[in-house]
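Asks: Quick mapping for you: the protein sequence lines, in order, are chains W and G.
Following the working numbering, the numbering of the first sequence begins with 8 at its first residue and continues without gaps.
Following the working numbering, the numbering of the second sequence begins with 7 at its first residue and continues without gaps.
In case anyone wonders, no lab produced these hints; they're calculated from the structure.
Some hints could be false.
[As the list claims (entries may be wrong)] No farther apart than 27 Å at their CA atoms in a straight line, the calculated lysine-lysine pairs in the BS3-like style are these:
1. G:Lys-48 to W:Lys-49
2. G:Lys-63 to G:Lys-48
3. W:Lys-64 to W:Lys-49
4. G:Lys-63 to G:Lys-89
5. W:Lys-49 to G:Lys-63
6. G:Lys-84 to W:Lys-78
7. W:Lys-49 to G:Lys-89
8. W:Lys-65 to W:Lys-75
9. W:Lys-64 to G:Lys-48
10. W:Lys-29 to G:Lys-48
11. W:Lys-65 to W:Lys-29
12. G:Lys-48 to W:Lys-75
13. G:Lys-84 to G:Lys-48
14. W:Lys-75 to W:Lys-64
15. W:Lys-49 to W:Lys-65
16. G:Lys-48 to G:Lys-89
17. W:Lys-29 to W:Lys-49
18. W:Lys-78 to G:Lys-48
19. W:Lys-78 to W:Lys-29
20. W:Lys-29 to W:Lys-64
21. W:Lys-29 to W:Lys-118
22. W:Lys-78 to W:Lys-64
23. W:Lys-118 to G:Lys-48
24. G:Lys-84 to G:Lys-63
25. W:Lys-118 to W:Lys-65
26. G:Lys-48 to W:Lys-65
27. W:Lys-75 to G:Lys-63
28. W:Lys-118 to W:Lys-49
29. G:Lys-84 to W:Lys-65
30. W:Lys-78 to W:Lys-65
31. W:Lys-29 to W:Lys-75
Everything numeric in this text was worked out from a predicted model, so none of it was measured.
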Amino acid sequence: GENVEQHPSTLSVQEGDSAVIKCTYSDSASNYFPWYKQELGKRPQLIIDIRSNVGEKKDQRIAVTLNKTAKHFSLHITETQPEDSAVYFCAASNPNAGKSTFGDGTTLTVKP
Amino acid sequence: EPEVTQTPSHQVTQMGQEVILRCVPISNHLYFYWYRQILGQKVEFLVSFYNNEISEKSEIFDDQFSVERPDGSNFTLKIRSTKLEDSAMYFCASSEAGIDQPQHFGDGTRLSIL
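Let's have the full structure, built from the sequences with the hints guiding it.
Replies: See the structure below:
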């Protein structure tokens, strides 16, 4: 089955700095890679996603890159703000297997 | 913006009892999911459901679990004979199409087994 590894588990940055979170996946059949932000006690919220036919996608301060060959994808947050503090999860979805596999999560702390 | 709604927000149950968690997916969505998140851990896939049948289930989704769409709007997760280790947050999600489409999560039901 799919295995998703996410690094780092915790990340602390100063406000205004960039943050990068990386994930690797094992199943080459996975073709959809969403990123979720989860604030304490709340639901995971989709913040950006990328499909396997695209190498990069950007939405304002958030970008995601995908390297299909190496089977890794990364979340980039620029100009971080304290409200970016949350747990971020990557996931890999395989339509053939009909399931999504999540990474272990990264706790991002943005210090004002 | 339409939302996935889940009830109850918190369920406390004695070990060995049955519990039913309820979800109302977004109305035009066709695929429904249940996930589990033990406190402080990652989100774990339990089951996907399409066209009134299970599409896929994980190894966690054993014989004590079942899902049902009893009417045109509700999607339920039943846990028979609950165990202490079933204590977790259970999230329902839905998507317009398949697993490779954006999923919208509900606020979750916190299940506490005593």
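Asks: All the hints need checking, so say for each whether the structure fits it.
Replies: A quick look at each hint next to the structure:
1. G:Lys-48 to W:Lys-49: Holds: Lys-48 (chain G) and Lys-49 (chain W) sit about 13 Å apart, inside 27 Å.
2. G:Lys-63 to G:Lys-48: holds (17 Å)
3. W:Lys-64 to W:Lys-49: holds (26 Å)
4. G:Lys-63 to G:Lys-89: holds (19 Å)
5. W:Lys-49 to G:Lys-63: It holds: about 24 Å lies between the C-alpha atoms, which stays within 27 Å.
6. G:Lys-84 to W:Lys-78: The given pair, whose Cα atoms are some 36 Å apart, is violated under the 27 Å limit.
7. W:Lys-49 to G:Lys-89: With Cα atoms ~24 Å apart, Lys-49 (chain W) and Lys-89 (chain G) stay inside 27 Å; holds.
8. W:Lys-65 to W:Lys-75: holds (17 Å)
9. W:Lys-64 to G:Lys-48: Since the Cα atoms of Lys-64 (chain W) and Lys-48 (chain G) sit roughly 25 Å apart, the hinted pair holds (cutoff 27 Å).
10. W:Lys-29 to G:Lys-48: holds (16 Å)
11. W:Lys-65 to W:Lys-29: holds (16 Å)
12. G:Lys-48 to W:Lys-75: holds (24 Å)
13. G:Lys-84 to G:Lys-48: The given pair, whose Cα atoms are some 21 Å apart, holds under the 27 Å limit.
14. W:Lys-75 to W:Lys-64: holds (14 Å)
15. W:Lys-49 to W:Lys-65: holds (25 Å)
16. G:Lys-48 to G:Lys-89: holds (20 Å)
17. W:Lys-29 to W:Lys-49: This hinted pair holds, its Cα atoms lying about 23 Å apart.
18. W:Lys-78 to G:Lys-48: holds (20 Å)
19. W:Lys-78 to W:Lys-29: At roughly 11 Å apart (the allowed maximum being 27 Å), Lys-29 (chain W) and Lys-78 (chain W) satisfy the hint.
20. W:Lys-29 to W:Lys-64: holds (15 Å)
21. W:Lys-29 to W:Lys-118: holds (21 Å)
22. W:Lys-78 to W:Lys-64: holds (16 Å)
23. W:Lys-118 to G:Lys-48: holds (24 Å)
24. G:Lys-84 to G:Lys-63: holds (14 Å)
25. W:Lys-118 to W:Lys-65: OK: Lys-118 (chain W) and Lys-65 (chain W) at ~24 Å, within 27 Å.
26. G:Lys-48 to W:Lys-65: Distance ~25 Å between Lys-48 (chain G) and Lys-65 (chain W) Cα, so the pair holds.
27. W:Lys-75 to G:Lys-63: holds (26 Å)
28. W:Lys-118 to W:Lys-49: holds (21 Å)
29. G:Lys-84 to W:Lys-65: violated (40 Å)
30. W:Lys-78 to W:Lys-65: With Cα atoms ~19 Å apart, Lys-78 (chain W) and Lys-65 (chain W) stay inside 27 Å; holds.
31. W:Lys-29 to W:Lys-75: holds (14 Å)
When the structure is compared with the earlier hints, violations turn up for hints 6, 29 and for no others.
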